[in-house]
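Grab the two chains, each in its own frame, and use the hints to assemble them into the complex.
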Amino acid sequence: MTDPRIERLARLIVEYSLELGERQILRIDAPDAASPLGLALYRAALAAGAFPYTNVSVDGLLEILLEEASEEQLAYVSPLQWHEIETIDALATVWSEANTRSLSRVDPGRHARFLGALRQLSNRRWERISSGEMRWCGTLFPTNGHAQDAEMSLERYEDFVFAACHVDEDDPAAHWRLVAASLRARADSLESVRELRIVGLDTDLRVGVESRKWMAADGRYNMPDGEVFTSPVETETEGEIRYTFPAIYHGREVEDVRLRFEGGRVVDAEAARGDDYLRSLLDMDDGARVLGEVAFGLNYEIDRFTRNILFDEKIGGTMHLALGSAFPQAGGANTSGLHWDMICDLREDGEVYADGELVWKAGRFLEDSPTPEPVEAAERG
Amino acid sequence: MADPRVERLAEVLVDYSTGVGPGQIVILETTPLATPLLRALYRRVLAAGGHPHARVGLSGVAEDLLEEGTDEQLEWINPMRREDFERADARIYADAEANTRNLSGVDPARQALMAKARQSLRDRYLERASAGELRSVVTLYPTNSAAQDAEMSFAQYEDFVYRAGLLDRDDPVAAWRELGERLRRLAELLGRTKELRVVAEDTDLTVGVEGRTWIPCDGKENFPDGEIFTGPVETSVEGRIRFTYPSSFAGRMVRDIELRFEGGEVVEAHASQGEDFLREMIDLDAGSRRVGEFAFGMNDAVHEFTAHTLFDEKIGGTVHLALGTSYPESGGVNQSALHWDLVCDLRSGSEVYADGELVYRDGAFLPDFH
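Chains as they are written, first to last, in our numbering: chain A, 468 to 848; chain B, 8 to 377.
FYI, nobody ran anything at the bench for these hints, they're computed from the structure.
Only a predicted model underlies this, so the values are computations on that prediction, with no experimental measurement involved.
Where is the CB? At the ideal position from N, CA and C, for every residue including glycine.
There could be a bad hint or two in this list.
Claimed, not checked - Derived DEER-like restraints, expressed as beta-carbon distance ranges: (1) B/75 with A/824: 51 to 61 Å; (2) A/545 with B/128: 29 to 39 Å; (3) A/596 with B/116: 33 to 43 Å; (4) A/488 with B/161: 37 to 47 Å.
Said to hold, decoys possible - Rough simulated footprint, nothing fancy, chain A against chain B, three-plus residues with beta-carbon under 8 Å: (5) 51-58; (6) 67-73; (7) 82-88; (8) 125-139.
Just chain B, with the same shape it has in the complex (with noise of 0.2 Å):
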């Protein structure tokens, strides 16, 4: 028997994050390993009104053009892409991985040309979507290679999953909706403050946010979902961040990130395991040095570390950072190919200071921060 928590999932993605109205164009982009979901939501694109387009790669072929491709084939874009980005009312995608380093023993200089090419692809999609045109989310189907990383078996990281995405209450929907409301709350208090100060272990960081907009993430965009962030000032990181949580990124895993800041600009970078990956991400472009997004993880239903962003940066007492480039409706006007989220643990021994007010301690903003 189909299990019926992936028809929720597609109910929740179609009609209540994108939602998907007669006559509209839906890509849905995933892997053969996602066929249930696929079908799940084929199904309720159809029976929203919608013109369902799956858009279904090949496993491998990434390994393969950025082994054999010549720096032509690795900028080319697909003019295809472009039109189904150009047109496209809604885009479910759904990452499904055979195997999640298979791009470890990749050149990364050629992962950073591809991107490179890329970006102008992004910013169209990006500039749609900010825009309204393209309602697009970003989800993730459970695979043995994700429950792997997880380190657990693959029924648990199903519940896991599943569970993170509210999908286990009565009505998840009404359940993103409260969980919305509670994080635009949150939004017009952070909208004040001109500077937030994060304090952990071998972390001090400033992060000026002065006139930008805290976006709450009720599950339109990612899903699951359950952070609040915002675009800071391009110029004003300052001090240091240990990343607490490996990160998984264009196929491989890089660990114990620890950067310092100058200015808004990286000026130092270490990683126990793929610092030559880290370096060459961080040096890409004009803006791959700097901080694109901050943001506050505020899903309580995602307690452990997955190795997965899509989880890692949501879960319930963290924040995360990212380099490169950042969300304009969030008033952030950096532009990068990059754009690469790296989680810090604040649940014990830290604080986060608004403008000076400590305001949230282990994991938890204070119940006085109104």
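In isolation and in its complexed conformation, chain A is listed as follows (with noise of 0.2 Å):
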């Protein structure tokens, strides 16, 4: 019998994430690993009267074409692959690897080239995705690969993947529209301060966010979700952080990483592990020694870290913060070829302070602060 939590996840996704209507075209971008969703996301599809239609990534093509191809194959990028993204109205993309380090080994500088001339085809998609021609939505099917990077067994994994977007429960879609209100009151809750301070272990910063746009992330573009987030005042972030989860960029892990900010920048970088990797993402570019977001996670059925960053930056009771590129829709200016997640737990004795005020305790906003409950709590209360 197939697992009713992936029928009622592809249904979540095609109805209340992507929205799709009569005759939209929906691309499925599913490996066959996650072949039970990917069917799942048809059959939901066919449901909603919209003309699905799967792409399935086959293991190993990828290092194929990374190691053998020459400079022009790989940097070329086809007529079909524009025509597509300009024709399709809605794509699923269900992440899914037996092999999380796959490419490991791969020559960074290939895969750079590579990644490179595939920007403009992910540019194009993210400027038909905001200006709403088309409609996104990631997500993970549980793999033995993704359970061991969090070092659960797959049933734990699939049981922790499915909590946290809430597919164990008859009617997800009513909940992620809870927490869809909820994140959106928090954000415009967080309008009107000027500074965020965040306190915590070996950690003290201050970062400006007057007049920035706070956004609510509820589930349209990951499944799951559950955060708010905006892009920093470029100029204003000082003081010290230490983030106490590893981060991790392109699959390599930099462990305990310690930032100290003078005037928006990146003056001081340590690592226990990782250093020089981490020194050669901040030299990456200008703008990669500047903060292009800061967020708070508000999932509180993520309590772990699982080495996959669609579940830890919405870990409930952490912050993000990434270095790199910002959100233009959030008001942030920054550009870089970095973005680089990384995610700090408040949930032992964090404190933040918003404008002097302190705003939230311990991984949660605090009961009396002017603003709705966290999520979790709104629901069950």
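Okay, here's the thing in structure tokens:
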């Protein structure tokens, strides 16, 4: 029998995240390992009256391209890909890898050139998504590879993933509508804040956010979701932060990152492991030392680090601050080839002050702060 | 260790069958079951300077669409697929099914609706193929499902498939060229013929072929290959034929098919299994009652029936005819959304006459047919 949580996840993505309508063309990107979810998405899209099709990625082809293609082949963007990106109305991406480290030994320069060539396509895709011409949602289907990264059995990991999406409940869309309202209210309440001060273990950081727009990540672009974020004022970050979780970029882990900011820029950086990699990324370009994002993780079903950014950045009770490119829709102006989300655990004794007032303690917004309850409390209350 | 025969198959398909060159767009279509072949093809296309595009579908999608889709969804043609067929320089399609009977429970009328809707796509594809703009080859990658239909173990079936592709020879491409030469000489001889008559048990069929072109098939469009075919004169087919082999078509099995023709059209059709489906297909459209192709199987490395048309129609000593659309390069003009090959074994107690002269007996052309 099919796991009913898979059917519910598919319907949630088609009906809630993508709001897929009749005659809309949906491309479902899913590797073979995710075929139960790929098929469930296909059926849910048929039921919505849409025109779905599946696009299965096969393990090993990307490695062959990266290792054996000529430079011209590596940088080639096909007219077929352009046509597709202009034509589809919606895209569901299912991340699901049998081996999350299969590209570990690939030449980073060739990988960067390949990604660089694809950027024109992904830019166009984001353009269409931002203008509302096209919808996108990314999700994950559990595999042993991802479970291994999370240091769990596959069965435990499945429970974790489906609980984070709330598809272990009868009506997940109802839950996510509540989340959306709660996150929107939270984001609205942060609009008036000029400066956040984050205090925690080896951390005392001031981040300017005046007149930036706070965005509610409510399950439309990612499933699971659950964060509010903005892009900080580029010149105002001051102080130091210690990231207690490993910071992962393109599959490589850097442990125990400590950063010191002055005038918005990183002036001092060290890591217990991966120090060289950290420094090389900070020197990638001019914008790599500046914060592009500050965010509160508010999904309290996600209660542990699993080495996957889709989940880690939403851990309830954490904040993440990303080095590199900012979000223009949030008012951010920093540009960089880097966007590196680093997660800071504030669940033990973290505090956050908004313009001097304590608004968050030990991983929760305060009951008496002038904003609604955290998501989970709102629903269960 | 990887099966070296998979590498050889990929080499022959890319270098010989489709002749991929630098800068060419190559569509690789298959299922996840053929991953080893897909990887080998992807490598070989890169080595030839081409741009490979993998088009891999999820197994189960066709059943869902046929069972749950609305008519409008069944009739929808994916514009990305249209663009593929419009832009590609080459296409390699590898059949690799998990279950060849997956559509057995589907309403044949819905399959007919879908087939009809996709005809324009097929027409455009055939048009570009016969103009030489799109080089396309169909092959099979061994799966347990195909082995099961062939009533073989998986390992035995692999041997069968690669032997049929002449991949056990020292130089498979040279072997295909040699067979091609033989078929070209035969094509010339048959080109002078006005009418063929096939006589076997429960079979006496005449087929007009005057003015039509015989096409030798040497591994460029099917792989394995080894047949010679033409598109018969559309109104000419008369008599009856009993197909000795069952036909596995569109995800189901049809057995003991017998057809009677008058004036080129099927006027009577029977099958011991799948008769409803047979009738639905024959009634598909105006061209589905006529013969679009008549052919001799000429691959002597294929001698057993394996319930897969790609192989069965090539068995040395058989003939096959296809109901439905004809290939324009043969001079045939019949048009239909259908192209269904049905195979008849002629290896014992059978004769073929060309304009009254006996030219073929018990599965082989006579030495004095020249």
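(message) Assuming the hint says 33 to 43 Å, is it satisfied by the Cβ distance from residue 596 of chain A to residue 116 of chain B or not?
(response) 40 Å, holds
(message) Please check whether the segment 82-88 of chain B has three or more residues whose CB lies within less than 8 Å of a CB on chain A.
(response) holds (count 4)
(request) Take the segment 125-139 of chain B, compare each residue's beta carbon with every beta carbon of chain A, and decide whether three or more fall closer than 8 Å. (result) The restraint on the segment 125-139 of chain B is violated, since only 0 of its residues have a Cβ under 8 Å from chain A and three are required.
(request) Mind checking the hinted window 37 to 47 Å against the Cβ distance between residue 488 of chain A and residue 161 of chain B? (result) 45 Å, holds
(request) Note whether the CB distance of residue 75 of chain B and residue 824 of chain A lies within 51 to 61 Å or breaks it. (result) This hint holds: roughly 55 Å between Cβ atoms.
(request) Check, residue by residue, whether the segment 51-58 of chain B contains three or more positions whose beta-carbon lies closer than 8 Å to a beta-carbon of chain A, and give the verdict. (result) holds (count 4)
(message) Is 29 to 39 Å respected by the C-beta to C-beta distance linking residue 545 of chain A and residue 128 of chain B?
(response) 20 Å, violated
(request) Apply the coverage criterion to the segment 67-73 of chain B and chain A: a residue qualifies when its Cβ sits closer than 8 Å to a Cβ of the chain, and three qualifying residues are needed. (result) holds (count 4)
In the structure shown, a violation is registered for the earlier hints numbered 2 and 8, in ascending order.
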